[in-house]
Every structure is written in structure tokens, then in C-alpha cells.
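**Q** In the order they appear, the protein sequences are chains L and G.
Residues 1 to 971 (UniProt numbering) are what the first sequence spells out, left to right.
Residues 1 to 224 (UniProt numbering) are what the second sequence spells out, left to right.
In case anyone wonders, no lab produced these hints; they're calculated from the structure.
Being a predicted model, the structure only gives us computed values, none of them experimental.
One thing to keep in mind: the hints can contain errors.
[Said to hold, decoys possible] Just a few of them, taken from the derived set where beta-carbon distance is under 7 Å, the chain L residues facing chain G:
| no. | residue |
| --- | --- |
| 1 | Ser682 |
| 2 | Arg683 |
| 3 | Pro703 |
For each residue, glycine too, the CB sits at the ideal point set by N, CA and C.
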Amino acid sequence: MTLAPTVPQLAGFRARCEEVAGAELPTPGALHAFSVEQPDRFWRTLLEWSELPWCGSADVVLTEGDVETARFFPDVRLNYAEALLRPLPGVDDDRPAVTSVHADRPVERLSRGQLRAEVQRTAGVLAGLGLRAGDRVVLVAPNTARTVVVTLAAAALGAAVATAVPDMGAAALLGRFEQVEPALLVLDRAGMADDTVSALVAGLPTVRRLLVLDDRALPAAGLPVDRLADLDGLPGPGPVWERRPFDTPLFVMFSSGTTGPPKAMVHGAGGTLLEHVKEHRLHGDLSPADTLYFHTTTAWMMWNWQVSALAVGAHVVLYDGPVSGPETLWQLVADHGVTVFGTSPAYLQLCQDGAYRPADAVDLSRLRAVLSTGAVLHDWQFDWVAEAIGPLPLQSVSGGTDIIGCFVLGSPELPVRRGRCQVRSLGLDVAAVDEDGREVVGAVGELVCRRPFPSRPVGFLRDPDGARFHAAYFAAHPGTWTHGDLVDFDPDGSARLHGRSDGVLNVDGLRIGPSEVYTALRGVPELADAMAVEQRDPDRPGSSRMVLLVVLRPGARFDDDLARGIRRTLRQEASAAHVPSVVVDVPELPLTHNGKRSERAARDAVNGDPVVNAAALRNPECLEAIRTAVRAPDADVAAPVHTGPGTPDTDVLEDLRPLWRDVLGGSRTGPEDDFFDSGGTSRQVMSLLRRVRLELGVDVPLPEFLAEPTLAGLTGAVGRARSAAAPEVPLLRAGHGRPVFVLGDAWGQLNSYAALVQQVDTERPIHGIRVPLTHEGRRRSVVEVAEDAVARLRLVQPSGPYSLLGYSFGGLVAYAMATALQAAGEPVGYLGLIDVLPPLAALTPAEARARRWVGRVETVLSGEGRAALTRRLRLPARHDSAATEDEFFQGSYEAANCWRPAPYAGPVTYYLAEGRPPLVGNSLAAWRRVAPHLLVTEVPGHHGDHNDSRPSVLSARFVGSLAARVSATLR
Amino acid sequence: MPLASTAATCADTTAAGADVAVRLVDLTAHDEATARAASVLTPAELARARRGTPAVHRRRVLLRAALRVALAAELGVSPGAVPLRTAPSGRPGVEVPGLDVSCSAGGDLGLVAVGRDCRVGVDIEQVTPWTTDVLGERWLSPVEQCALTRLPATARAVATARAWTQKEAVLKARGTGLLEDPRTTVTPIGQQAGTVAGWSVRDVPVPEGWVASLAVARNEERTR
Chain L
1 MTLAPTVPQL AGFRARCEEV AGAELPTPGA LHAFSVEQPD RFWRTLLEWS
51 ELPWCGSADV VLTEGDVETA RFFPDVRLNY AEALLRPLPG VDDDRPAVTS
101 VHADRPVERL SRGQLRAEVQ RTAGVLAGLG LRAGDRVVLV APNTARTVVV
151 TLAAAALGAA VATAVPDMGA AALLGRFEQV EPALLVLDRA GMADDTVSAL
201 VAGLPTVRRL LVLDDRALPA AGLPVDRLAD LDGLPGPGPV WERRPFDTPL
251 FVMFSSGTTG PPKAMVHGAG GTLLEHVKEH RLHGDLSPAD TLYFHTTTAW
301 MMWNWQVSAL AVGAHVVLYD GPVSGPETLW QLVADHGVTV FGTSPAYLQL
351 CQDGAYRPAD AVDLSRLRAV LSTGAVLHDW QFDWVAEAIG PLPLQSVSGG
401 TDIIGCFVLG SPELPVRRGR CQVRSLGLDV AAVDEDGREV VGAVGELVCR
451 RPFPSRPVGF LRDPDGARFH AAYFAAHPGT WTHGDLVDFD PDGSARLHGR
501 SDGVLNVDGL RIGPSEVYTA LRGVPELADA MAVEQRDPDR PGSSRMVLLV
551 VLRPGARFDD DLARGIRRTL RQEASAAHVP SVVVDVPELP LTHNGKRSER
601 AARDAVNGDP VVNAAALRNP ECLEAIRTAV RAPDADVAAP VHTGPGTPDT
651 DVLEDLRPLW RDVLGGSRTG PEDDFFDSGG TSRQVMSLLR RVRLELGVDV
701 PLPEFLAEPT LAGLTGAVGR ARSAAAPEVP LLRAGHGRPV FVLGDAWGQL
751 NSYAALVQQV DTERPIHGIR VPLTHEGRRR SVVEVAEDAV ARLRLVQPSG
801 PYSLLGYSFG GLVAYAMATA LQAAGEPVGY LGLIDVLPPL AALTPAEARA
851 RRWVGRVETV LSGEGRAALT RRLRLPARHD SAATEDEFFQ GSYEAANCWR
901 PAPYAGPVTY YLAEGRPPLV GNSLAAWRRV APHLLVTEVP GHHGDHNDSR
951 PSVLSARFVG SLAARVSATL R
Chain G
1 MPLASTAATC ADTTAAGADV AVRLVDLTAH DEATARAASV LTPAELARAR
51 RGTPAVHRRR VLLRAALRVA LAAELGVSPG AVPLRTAPSG RPGVEVPGLD
101 VSCSAGGDLG LVAVGRDCRV GVDIEQVTPW TTDVLGERWL SPVEQCALTR
151 LPATARAVAT ARAWTQKEAV LKARGTGLLE DPRTTVTPIG QQAGTVAGWS
201 VRDVPVPEGW VASLAVARNE ERTR
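In isolation and in its complexed conformation, chain G is listed as follows (with noise of 0.2 Å):
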């Protein structure tokens, strides 16, 4: 399958032995691979890429044909015949019990992750430049912001992508997403991997200049 070309797989066991495969994938296809992607994807996914601008468009094709042979590969069938859902949320869902699925864009890099029972969530997030302006946007909890102002300012735009991926990666898990407030959703600022709001959160490895996180609860921990 020429997608899988494009995506390197990180088999991933989590501290809570639970069991994740989080792949990264290159949003950056020519026409023609976009339009081979295109061809695994349901009428409404389609629909769903199209509503977007062009390279909105590109980048959703392909996350979502990615998210479509990864789990093909899991449940060895074709991609077209995964059984994806998306929810009224925006969540995608895979009608098989005990796999679950998450997936984010972030410029030209995305995440699709598969887990196998537990629930999951990612989110990949380019580093911008530190700016103040960051603590009047209403997402970090009093708490992050002090933590966050007290690290050295070299490490602040890399900490608060990681925090905003941490919280974003936890928040899409739960499957609220943004309709929760992230205040409400504390990280550990500068620490690549610890327990927020009783999930499992760590580092994604992706390439400079990207952060990512992964979220994870076994079925039977998860408590909400």
C-alpha cells in the first residue's frame, strides 16, 4: 500500500500495559496520491474533505485514508470496508468492541492512533514562538500558567505545545473535546509523560519543530 510508505509506525506499550499503535503520516501527498487516498474513503468522508480548502482538503483525505489502513491492517480487511464512523462529536469510532481510535493534524505532519482495549487520544501541534499573549488565551489553568512562566524561556514554546497537546490528546479521549473547558484539564507542565485527569499522557516522538501527545486509559480504568 503505497500510504503505508509515507507513515511510520511507533508500536506503542504504554506504563499501563495497555496496547497502542500510533503512526505518523506525511499530509504532504502530490494529486495523484491524494486522489488514491481518496478512493478508500465513504461518500460523507469525502464530503466532509471537500467542504475544506484546498490543502484542508489534502490534509483530511489523507488522515483519514490513513486512519482507514491502519486499522484495515488490524482487522485485515480492505480500507474501504473499515467500519468508521464518526460521531455527531467529530470523533471517529470503529464499530469493532474493544479497538479504539483517535487522529490529529498538525501543518503537514499527522497522528493516527489505534488502541487495542483502552481508549485513546492524540494531538500534534507545530511549535510557535513563546509570546505572552499565550496567558490571555483562556486555556491553561492558573496553576500551568505560573509553572509555565517559571521554566526558562527557551523551553516555554515547546511546554506549552506539549501542555496544549496534553490537554487536547486528553479532552479527545474523553471524546468532549473542546465543548469541556481545557482549563478544567490540568497538565504537568514540562514533563513528557505523566497522569492527567486519571489518563495516561505521553510523548508522541515526532520531528523537530512538532510536539505531540498521546492519551491513554485501559477499558476497565476508565472511569469517565
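So here's chain L without its partners, still in its complex pose (with noise of 0.2 Å):
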């Protein structure tokens, strides 16, 4: 085994480039300058330095031209596969080059011998079946060692591939495989839908023969059909290794497609290779002693990427499975003794949100580094990093299929800055410009790169004439490669990316970085997902207005109330300019093949536009949801106020109505409308509030009103100051007499209750507590969730004797608070629990296993929960929102199942629900242990959660029983 080199390879090519350039580079900035001003004398050290085997001439770098036109050593030749497969001095031909994990068959391993020679004898086959140089292949399959094998193969033999994933669909396999006009089809039929065969043969004319990769039985195609595993190369030893142009063609990669079909890009050889090896030694410092994973899918540039990894000698870790929960990755790291792990944002995050700490589960001892990319990494995603998996770089890494390679990404030598990409890409010039290609620093701007570079593709296929590759990306600025991400850099040489300036809005003239909004949502814990796209606004013909697509976390409920939450939280975060017009609740944001988001899919749908390319999109059936969403009466929820049953919203706000219209002058206000733009000053302002604390009796602090200073704001303002300093304590349901408090679900909502709350008959005012189980990012434990509740419950019935309901998770916060006003020696009146399951901690160990046994029935019953989790096992790259859910609830599960309840002195009425399964009643006996004054009633219904969809004891059907229940008690 080889020791990790101490001293990076940049340092050894940094000593290179200063006897080059004949002065000293000392810092990264002085490296990158020099290599990006003197790119002659940077990319042929770097071809020389590098050891690559090439022939011919190094004596040309560039031609005459800018970053359209120029080309790279013209007189260079190589061969990709022969550059990633040669014997490496000092690395053991032994050595695993690649090892295949799969989900359904044994890991296989090769060492860099075994790969070369199976290359060498598949490229025997490809060439017995007539393919031939300049010749182009389809190669569809999982990411696995014979897709590398095929691949390099046809490299070898000067043919271009393009790879795609087999359970893609035969409309966006053929959008894409149409436009290359390949002279031979590869497939590897897993996972692949029987009649994708026949329609790829039949869209695909060009093709001559059809070579399958898997064991099943060969399809009867109408044109030759073999399988790999039956041919035998051509005798003797053929010409595979011969040397080819810089530029032969040697991938086609795919745009998304989102904004028409998708474009098919061809990247040469040489640039591929070279860009690869500077990215993989200079900036990762990959070598041989490295095992590198990352998680990506035929279908993405991230998978060619990963391959030439093999040039550097690196072991590559190819996995073809699902992706079952946080763990499957982190697992596959710990096994395979992986040293850089590369994942996305997304995959963090479903860690972060299952409260999964990958340290504490697997053995990260050989981990050194963990590259992300595909979406904006942030800020947190590096604290979470830092503590759940140690002390290595995250590197946040950022380019495109575009150029196959990245802009922005790792630099060995610095330290990572939270939230930001550590450094530009050696050799490419990119910079952050405005509107007016100005370069900016320390602000957003339109990511270019002003200079030539080798991986530009050589061009687009179906382009003649390159019309379509220069309105691509040459046409914002002319002779600059603009690549339509919003990035910005700070003097240091770092980056943040800040998503795709085609999904920047532009309402009204203003442009808002969806970016900000996205941020902001981030605090609004009912949304699982959210998407701010621009609409033309139908009632101001050529005035555009913004429209936000949310999608809900299973329990969360879409009203009035969390679309002005959802607003307040945009007009505090982020500004007046980011608070959408229209919110309007989604099951599901499109979604291309990659998992990438398309904003343009959804902005046609919500302009009820055709959308241009449905079958570059995974999920496509979405677009018809949204389009109805949009086009719902109730839609915009950015007129109707607040007015949700129990509340004094409504009154308040006729209430205020009056004192608004005085001070200003008798104006009329919508509800929404600003004081500002109706006219109102400053300080006719401290006139309003006078006057509403004259006569609401209700003081609002001065910035509370600035926040939100419309009617309807400052009905919400109002109602949170009578909560007096508690919003987390929300009156739900006005009375006399001491308060009765319903304790909010694991994410705080209160929605649940909202039936019981009008039914409940009694005099007395109901409060909701709302004090959800994550904290500033952070999953509490019942106690800590317990004490806050009593906290707040503190600031409106500062004694006791206390009245405490709760249902499910909110019971287990409840008993908490019953527990620690006991200690306290704060008398609890009444602690009422709707069927809680005592926690996992509280059981017995047979009480225990007969849950778990009763848990996996309920889940094998609900079928809509199961139907999520194989939904999402199919996407590996991205979490749905229903796996997020899972995340959640599995989350809460743990927080709740490790709590232990304290023995309860007082009574406890318990009411159960009728539908529970018997072999849950003795989990009766373990609250009857803690608390032995246990009254239960039986109330109709069933437990209902997010794996249970029938109707709970709190649903509309059930919830009269109960209520009279709660109410008998409350007399």
C-alpha cells in the first residue's frame, strides 16, 4: 500500500510552472494568474508534467482565437483509454483499478492489469462488429465495471460514447440518443422497461447492430443482436491503442434539455483528458494511495469524471443500487475504504434532516476529503459536515456537463471557508461579471470565462454552421464563454454558486436570485421543498409578478396562515422584493433525469405555456398538478386574509380597518396593501400605533409593524402581542377562565387539532403551544422540547394549576411538561393524552419487539408510505419530499423512543383510539408503570400519522366523540 503523498502535487507542479515562468508563484492566486495569462507556457507544463502518453508536438498550445474559435495542440496525439489504462510506474498492476458493488450480485473487482486486458479484448469484439473510428456508440446501463469496460473500449477504438441510465424512458432516452445517430447500440436491459428496447431499435435508424450487456434473452430487433459475454475478440492484438487528433470526438454529453431538446455536445479527447488529470492532481490531489467514490449515474457528467480518475491510478468505486436511507452511502465509504467521497447537497441534507451521524455509525478512518456538487451547498451543510462526519475538507465543486469539468472547486493547500468553493480551476479564466460584462468581486454576477480553455466541447452535433453552440453561450458576451450560473467571488479567489441565472425572476424589471428566496424558506419548517418562478401577470398585460411553488411535508396543512408565515418570513429574510404574489402548494416540483430542478418546466406550466421538452423531466406528470394548482380560485392568497376558524383574526382586522383609513387621509387599503405605498409616513406610523393601543388595548412594538406594514400585518402583529411576549403560544380559540394548552406536533403545527379545538365544548380560552422538535437546525430531546414548552406556557398562566392535551408526539411533550411542573411543585389540573405510544425506552424488551413486530404490519399495510419509499429508492441522487418525511418522522421516532418517561404522580386521562391493534394495548401497562392514576377512555378511530392514512381520532369523521370526551373531562 502506498503512503498518501505529505507534500501535495501541486507543490511539485508549482515548482515547475516558477522555473517556467521564472518567477515566483507563491500563493494560489499568483499560480492561477500565471496560468490563465501565460496559457501557452501553463498547459504544456501541465502535458508534460502530467506524463501522459501523447505524440507529436507540444510547439502549438493554442491556435489564434478566442474561447469560441481557439483550438488546443493541434498537433498532439493521444488516446484516452490508453492514457487511463498504462502501466503507471511505482503502481502495482494488482492493484483494484475498479471495484463494482451491486445491489442484486457479488462485488466484482479489477486491477488495473485485469481492466487493461479486458478493455483490450472488448475493444477486440467492438471491432469485430464493425465499429470503427469517428463512428459514435449508445451505450445505456447502470454504473458499473463493464459500462467503464465498454466505454473505454470504443474510446480506445476512436468511436464517441454516450451513456445514459436504463430506467430513463424511451421518450428521453431517444430526445437525447436521436440527435447522435450511433453506429452501434450497447444495453444493459436492468432495470429497463421491455418495450424501451424495441422503441430505442426503431428511433434509432442509424443503428447497425445491438450488442446486450445483461444475461436476459435477446430481443428480436429486426438487426443483428449479440451479447457481449458470447463474442471473442479478433485474433491477435489490434490496433487499440493508436493515437488520435487532441480533439477526436470522445463523449457526447446532454444539456437538460429543459429549455428545448436537449443539446448534444461533443467533448474531445485531449480536453477531456487534461482537463480530468489537472482537476483530479492539482486540485484534489488524487494519486494512486486514493480510493475515490463518487455517487453519480451514467446519465451525468460526474460518472465520466470519476473514470479518468484511472489516469491518476486511483481506485474507483463504481455502485449500481438504491440508495435505502443516510446510511447506504456512508456504509459503501466504510467498506471499500473509500479516501473522497463525492455526494451532493441533497444527500447532506436527508443525512442532516435523519439526524444520522455518519462518525458515530461506520468507520471513516481512511476518509480524507467530501466533495459535493450538482446544487448550491449551504453554509450549514460545512457546521453539519465538521460535526457529524470530523475534521476534513468539505469541497463544494461547481462546473457542467457543459465543459465536463468544474470552474470552481478544491484547492489541497487552503482551508475550506464555510459555504464557499475554495478556488477557480487552474487554467480557466472565470470571473463573476454583471449585465454589462464588468467583472464584479464580492458581488453576484453571471459566471464567465473570458479565456480559452482545452474542455470546451469541440462542438454541438446537428450544428453545422455552430449557430446553435454560439447562442449557447457566446451570445451574452460576445468572445466569453458565459455558462449561465450566478456565482460570486470574494477577493480571496473562493466561491458560492447561487443557482442558474436562467431561473433568476424578473418581476417588474427587479431581478431576484431564486437563490435568497430558498434561503430564507429554509425557516419555515411546513415546507419540504419550495420553487419562485415569474409569471406574466394576467390582470397588468406586460408586468410580471412571482409565483412560489411549495411542497408541503406530509401533516403540514396549506392555509391562510402559512402562506402569510411564508411571506412574513420572505419580507424579514430576504426583502419586500422576494415576497411572492401567489403561494400555491404543489405535491411535486419538476425534476430533470439528473434530480436537477427545472424552474423553466414549471414557469411554462404556471404561464400555462406548452412545456418544451416534458420528456427531459423525470417526473413530468407534475406539470398538469401545477397547472391546476395555478389555476385555482384560491390560488392567490395574497388578497383574502387570515381567517381561520376559532381565531379573532377577523374581528381584529375590522377592528384596525377604521384606524388605518383615518390615518391616512380616508384612502381605501386592501388588506395586503403597504402603508408606505398607500401614502403613509413615518410618522403618521407612531399616530396608528397609538391608536391602536388606545383602542385594541394592544401595544405593537414599532419594528414589529415596519416588518409587515399592511392591514393585515398588523392584525397578525396584534394578535401576537396579545399572546403577550409568547407567539410560540398562539390563542386558538378565545374563552374565559384558565387556559386549556394543546401541545403542537413534532414541527410545532397545530394544525391537527383545528377540529377538536371548535368542538371542544367549554368556556374556557385554548391555547396551542407550538415548539417543534428541531431547533435552529438542531433535533432536541423530549426534555428539551418539555422545558422550553413550560417556558412559554409560563408567559401566559404564569401559575398553576395547568391543563395539558396533547395527541401522538405532542402527548409525549405533554407528559414532559406534566413531569416538570410536578418537580417544580406547579399543580397540573388535567393532563389529557390522545393516544400516545409510550416511547420504545419505557417498554419492556417483549413489549418492545411486539411493537417493532406491530410497526412492520402497520407499514406494510398503509400502502400510500410504502409506495414513497420505493418511489424514492429508485432516485438515488435526490430526496423527494416523502423521503424527507420518512427522514423526519424517523427522526422524531428516535428523539422520542431514547426519552424516558419520569414517574406522574397525578391523573392521567388517556383516550384511545378503538382502531389501535390489540398487541399495542399492553403498551398501556408501560404508561400505567410511570403513571399509575391512568383513566382511559376509548374513542373511535385510529392513530393516523404519515404511514396510516385512515382516519384518525382527530379527523372531521371521529373527532365529535372525542371532543365530548375532552369536554366531559373539562367541566
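Need the complex rebuilt from these two chains, each delivered in its own frame; the hints are there to steer you.
**A** Structure, rendered in C-alpha cells:
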């Protein structure tokens, strides 16, 4: 085993550059400046230093021209496969090159020697099938060693390869590959629908032969079909390693195609190789001592990128299987001694939301770096990695299919700054520019590359005059590559991505970056996901407005309250300009096959326009739901005001309206009209708040009013002020006497009590207590939640006796509060638990076993939960909302289950759901052990939670009985 | 520039030696002049103006345009090219080192102030009749309330308006606006000039019926 180099390879390379430059290049910035200002010297030095196999002359590094036209190394010849598979000095040919992990069959491992022999043999087979240099191959196969072998064999012959995953669906596959005009079609049909094969063959008329990699029966396809395993190579050593020009087509890659048919970009062998070797060695410090796993599919450029790690002698792990939970990939990392692990922000978030701590769960001792790409990596994710994984660099890298590489990425020399990509890619003159093309530093701009770079596509297919190529990258700033991403660079060269620039909203001339909206919405616990899109304003031709599509966590309910909360959060965390005109709740957001969000498709849908290329989407069916939601008459929640049941808001609004009108001099105002837009002045605010104090007896703090200076906002502020200093303890129903408190669920949500609050027959006021399980990104224990809840409770009712009522998780909190109040000597008059399972920690081992068994039965019974889970398993790159929900519940169960309830001497009224499976009956024994005065009342209905779609005891159908029982106890 | 004709300039050198130019702006232009003024605004500025009622829209357009015109003269560029920004707090800012701006509207009159090497805040207010309601509005400190009630009744209306503009001028100069409790900024009731919380504050001459104040601190003197 080779020891990891102690000095990064970058140091040796820098020394070479200093010799060539005749100057010191002591800092990352100096080296980067040299790399872009003296491209001839930089790229030639890189080619020579890298010791890649090539022949010809490197005298001409770069031909005349700009990014669009200049060509690199016109006289250099090389072979990509040879460069990846060549024997490396100091690296044993028996060292593992590729480890292929599969869900359904044993691990397959190939040494460098075996891989080389296998590629050589396969190249012989492909040549025997008639594949020639200049041909194109379409390869639809999962991320396995076989796929790598076929790719390299085709590359060795000088053919270009386009890859994709088998479960993409015929329409999407044809949308990409129809342009490729392949000579050979290679399929691994695992996970492929049966009719996809015939559709592909029919849709790709240039295909001369079909080669299958799997063991299923050969299809009848109307053209010659072979199985790779059945074929022998041509006798004798074929001309496998022939070196070809630098720009020989190597890969055909595709844009996501949400703005039209996917663009088929051709990447050259030399540019791809040089860029990848540069990134792996200089930025990632990848060496033969490393084992790389980058979680990707064959449909994403990161697949090609990780294959190239063979050129530096690294061991590459491939995985073809589902991601069944946060543990899957970390287990893979541990099992195979991965040193560099690449993943996505979504996966890291899945782990964080699931309260999964990789460092506690698996052995990560060999891991030295975590890479992340595909979306914007948030600040808090850096904290989480440091905490839950360890003091490793978390390198956020970003580039694109278009350049088959990265614009900004890691550096072995620099510490990682939270939230930022460390450096610009060497040799790439990357900058952020404003609309006039001027470089901006410390501000968000359009990401451009101003000088030629070798991994620019050689061109597009079906674009003979280069017009589409030009339009794609060079129309905005001639002579400069404009990538379509938003980025900011700091003076230290670090960068942060801000999403796609075509996702930028232009609302009445104001440019709004959606990532700011999403960052602010992170604080709204009811939301699983959101997408902000621009819509032509139907009421004001020529104007546009913002529509916010939100995906709720199951259990959360979309109502005016939530919409107002979303607006308020955006106004406070972002700005008034970030407040959407319309908020609608939709089941799913459109995603491309790579799991990237398609704002373009959503925009077309909200505008009622045809979606240009629905085949580019993984879930095109979501578009209809979006169209319907936006068309619905109640979609626009900007106008109506909160009128929730049992809440005094409407009354308050009507009380405030005349004051508002008086102060503004009689002008008519809608509830969402801004005070200042209506002509109000700061001085008049003082007058208005005085009137509110006098006439409603409520002191609204000035900043509260200014945060939402509308009639509706003031109504909300009055409500909040009335809940004293306790906004987390909203009044759900007014009344007289000692209040009754109901405890929110794990999200702090009170929605599930709406019907109960309405129907309980009591004079007493009812308050909710909103204390979510997750607080400032951290999951709390039940005890912490209860302490928080007690503190809030005391703001509204300073001393007992208290009345507490909770369902499910809220019941656990109510119980923990009661024990805490009891310990503090405060009387608790009433503690009601609505079908609250005791935590596992409170059960005897036999009861715990029975519970787990029942849990399994219930999960199997509830088809919907399963379906959501199954969907997730098929989509490894990204967690959908159902998965997040599942993870959250898992987390809340964990928090709940590890809590051991303390003894409680007072009376407890337990409302037991009749629909509860009998086995669980004995869990009441666990409650009785800690609370001997347990009075059990059976109520009709089921428990009902995210995994149990049957109506719960709180549902409209059954709540009447529960309300009657609760009313009787309260009387 | 037609806009300049409606703006009276009073070049102003404060006691602190800071260089501030304050212009009075007529906010009652007819539609054509408003449209002309709108042509120098950015889409974001127009969008903000459009959110207001017609009267608010007109005032915002004219005031912002006047600010651009004042800065254009200072910088030697066209009004549309002035690098004027608005901070999230709403405070205008210009991306030129050493230059600071502030503006205010009070009914049909506006003020724009441009400071060199100093931080500025201006505020203009229409004088409204005195009523004791003011004392319940919770923006005057007890000391100020006391001082105000000691003034002759006929002087209180102007003194109240002045106290408000002095406070607003300081809060605007600071950049906090009303997010800071106005009671903590104590003004010298009844006086046209003085020092408020380290800011040099003085009256800006405006027509009868209005009161306006300017707050200034030189860059090196400004502590907060």
C-alpha cells in the first residue's frame, strides 16, 4: 500500500511552473494568474508534467482565436483509454482499479492489469462488430465495471460514447440519442422497461448492431443482436491504442434539455483528459493511494469525470443500487476504504434531517475529503459535516456538463471557508460579471470564462454552422463563455454559486435570485421544498409577478396562516421584493433525469404555456398538478385575510380598518396594501400605533409593524402582541378562565387540532404551544422540547393548576411537561393524552419486540407510505419530499423513543384509539408503570400518521366523540 | 435639465466643516415632467414607485430623479448612469467612496442631500396643528415631552415637527431608521441647531408650513 503523499502534487507542479515562468508563484492566486495569463506555458507544462502518453508536437499550444474558436494542441496525438490504463511507474498492476458494487450480485473487482486486458478484449469484440474510429456508440447501462470497460473499449478504437441510465424511459432516451446517430447500440437491460428496447431500435435508424450486456433473453430487434459475453475478440493484438488528434470526439453529453431539445455536445479526448487529470491531481490531490467514490449515474458528467481518475492511478468504486437511507453511501465508503467521497447537497441534507451521524455509525478512518456538487451547498451543511463526519475538507465543486469539468473547486493548500468553493480551476479564466460584462468581486454576477480552455466542447451535433453552439454560450458576452450560473467571488478567489441565472426572476424589472428565496424559506418548517418562478401577470399585461410553488411536508396543511407565515419570513429574511404575489401548494416540483430542478418547466406550466420538452423531466406528470393549482380560484392567497376557525383575526382586522383609514386620510386600503405605498409617512405610523394602543389595548412594537406594514400584517402583529411575549403560544379560541393548552406535533404544527378546538364544549380559552423538535437546525430531546414548552406556557399562565392536552408526539411533550411542572411544585389539573404510544425506552424488552413487529405490519398495510419509499429507492441522487418526511419521522421517533418518561403521580386521562391493533394494548402497561392514575377512555378512530392513512381520532369523521369526552373532563 | 429648475439648491457648510449640498424638490410636477423624470430611473426604482398610489408614485419618481440629478452633477455622468443603490433598510447609497446621500419627502416638498466625506441624513415634515396626542405617541423621551410642554402653545407645533425631523435625520444618517426606538435619540427641543447623539444637527430653510433638519458627521468623527 502506498502512503499518501505528504506534500500535495500541486507543490511539485508549482515548482515546474516557477521554472518556466522565471518567477515565484507563491500563492494560489499567483499560480492561477500565471495559468490564465500565460496559457501556452501553463498548458504545455501541465501536459509534460502529467506524463500522459502522447506523441507529436506541443509547440503549438493554442491556435488564434477566442474561447469560441481557439483550438488546443493541434499537433498532439493521444488515446484516452491508453492514458487511463497505461502501466504507471510505481503502481503495481495488481492493485485494484475498479470495484463495482451491485445491489443484486456480488462485488466485482478488477486490477489495473485485468481492466486493461478486459478493455483490450472488448475493443477487439467491438472492432469485430464493425465499430470504427469516428463512429458513435450509445451505451445505456448502469454504473458498473462492465459499463466502464465498454466505454473505454470504444474510446480506444476512436469511437465517441454517449451514456445514460436504463430506467430513463424511451422518450427521454430518444430525445438525447436520436441526435447522436449511433452505429452501435449497447444495452444493459437491468431496470429497463421491455418496450424501451424496441422503441430505441425503432427510433435510432442508424444503428447497425445491438449489443447486450445483461443475461436476459436476446430481444428480437430486426437487426443483428449479440451478447458481449458470447463474443470473442479478433485474433491477435488489434490496433487498440492508436493515438489520434487532440480533438477526437470522446464523449457526447447532453444538456438537461429543459429549454428545448437536449443539446448534444461533443467533448474531445485531449481536452477531457487534460482537464480531468488537472482537477484530480492539482485540485483533488488524487493519487494511486486514493480510493474515489463519487455518487453518480451514467447520465451525469460526474460519471465520466470519476472514470478519468484511473489516469492518475486511483482506485474507483462504482455503485449500482438504491440509496435506501442516509446510511447507504457511508456504509459503502466504510466498506471499501474510500478516501475521497463525492456526493450532493441533497444527500448531505437527507443525512442531517435524518439525524444520522456517519462518524458514529461507520468507520470513516480512511476518508480524507468529501466533495459535493450538483446544487448549492448551504452554510449549515459545512457545520454539519464538521460535526457529524469530522474535520475533513468539504469541497464544494461546480462546473457543468458543458465543460465536462469544474469552474470552481477544491485546493489541497487552503482551508475550506464555510459555504464557499475554495478556488478557481487552474487555467480557466473564470469571473463573475455584471450585465455589462464588467467583473464584479464580492457581489453576485454571471459566471463567465474569458479565455480559451481545452475542455470546451468541440461542438454540438446537428449544428453544422455552429449557430446553436454560439447561441448557447457566446450570445450574452461575445468571445466569452457565459455559463448560465450565478456566482460570487471574494478577493481571496473563493466562490459561492447562487443557482442558474435563467432561474433568475425578473419581476417588474427587479432581478431576484431564487436561491435567496429558498435560503429564507429554510426557516419555515412546514415546507419540504419550494420553487419561485416568474409569471406573466394576468391582471397587468406586460408585467410579471412571482409565483411560489411550495411542497409541504406531509402532516402540514396549506392555509392562509401558512401562506402569511411564508410571506412574512421572506419579507423579514430577504426583502419585500422577495415576497411572492401567489403562493400555491403542489405535490411535486419538476425534476430532470439528473435530479436537477427545472424552473423553466415550472415557469411554462404556471404561464399555461406548453412545456418545451417534458421528456427531459423525470416527473412530467407534476406539471399538470402545477397548472391546476395555479388556475384554482383560491390560488392567489395574497388578497384574502386569515379567517381560521376560532381565531379572532377577522374581528381584529375589522377593528383596525377604521384606524388605518383615519390615519391615511380616508383612502381605501386592501389588507395587503403597504402603508407607505398608500401614502403613509413614518410620523403617521406613530399616530397609528397610538390609536391601536388606545382602542385595542395592544402595544405593537414599531419594528413588528415595519416588518409587515400592511393591515393584514398589523392584524397579525396585534394577535402576536396579545399572546403576550409568547408568539409560540397562540390563542386558538377565545374564552374565559384558566386556559387549556394543546401541544403541537414534532414540527410545532397545531393544524391537527383544528376540528377538536372547534368542537370542544368549554368556556375556557384554548391555546396552542408550538415547540418544534428541530430548533436552529438541531434536533432536540423530548425533555428539551418540554422545558421550552413550559417556559412559554408560563408566559401566558404564570402559575397552575395547568391543563395540558397532546396527541401522539405532542402527548409525549405534554407528559414531560407535566412531570417537569410536578417537580417544580406546580399543580397540573388535567393531563390528556390522545393515543400516545409510550416511547420504546419505557417498554419491557418483550413489549418492545411486539411493538416493532406491529410497526412492521402497519407499514406494510399502509400502501401509500410504502409507495413513497419505493419511489425514493429508485431515485438515488435526490431525496423527494416523501423521503424527507420519512427521515424526519424516523428522527422524531428516535428522539421520542430514547426518552424514558419519569414517574407522574397525578391523574392522566388517556384517549385510546379503538382502531389500535390489540397487541399495542399492552403498551398501556408501560404508561401505568410510570403514571398509576391512568384513566383510559376509548374513542372511535385510528391513530393516523404519515404511515397510516386511515382517519385518525382527530379527523372530522371521529373528532366529535373525542371532543365530547374531552369536554366532559374539562367541565 | 428641466428637473433642476424646480429644485432650489442651498450649498451648505456645517459647523463640522463637512461639505453638504441640500436641494429642495418640488414634488407636484405634471404627468409629462413625471414621465421625463421616470426615464432616468432603473427598473427596480420604477417598480418600487409603481407599488404606490398615484400620488406616492409621482413623489417617489420625482424625488429619486432629483437625487440622481444631484449626483449626476457631482459625478459628471448622466443621471441614469449614477451608481445609486438602495440598502435592504431602504437607505439610498452611492457606490463612490466619500459620497453619501439622503432624501426625504413631506407632502409636496422633498429634500435631497449629498455629503462629501461625511455621513448625512435629512428629513422634511409638514407642520400639523399641536395636539396633546403627540405625547402619547411614544417617540418623545420624557425630557423632550417636558421641554415641549414648557414652550408657549403657539411654538409647540413647529417644535414638534422639528423634533421629529431631527430624530429622523439622525436615524436616517445612522442607517437604522425607525428600527431603533426614536425615544433614545434626544433632541434639543425648541432649538434649530445642536448636537444629537454625536451628530451635528441643524435646520434646513424650507417654505412656511414645513420644517426640515439635516444631520451630519464627518467620516472620521462618526463613531456609529
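**Q** Against this structure, judge whether each hint is valid.
**A** How the hints compare with the structure:
1. Interface restraint check: Ser682(L) against chain G, minimum CB-CB distance 6 Å, threshold 7 Å, status holds.
2. Taking 7 Å as the C-beta cut-off, the interface hint given for Arg683(L) holds, the closest approach to chain G being about 6 Å.
3. With a least beta-carbon distance of about 5 Å to chain G, the hint placing Pro703(L) at the interface is held under the 7 Å criterion.
In summary, this structure violates none of the numbered hints.
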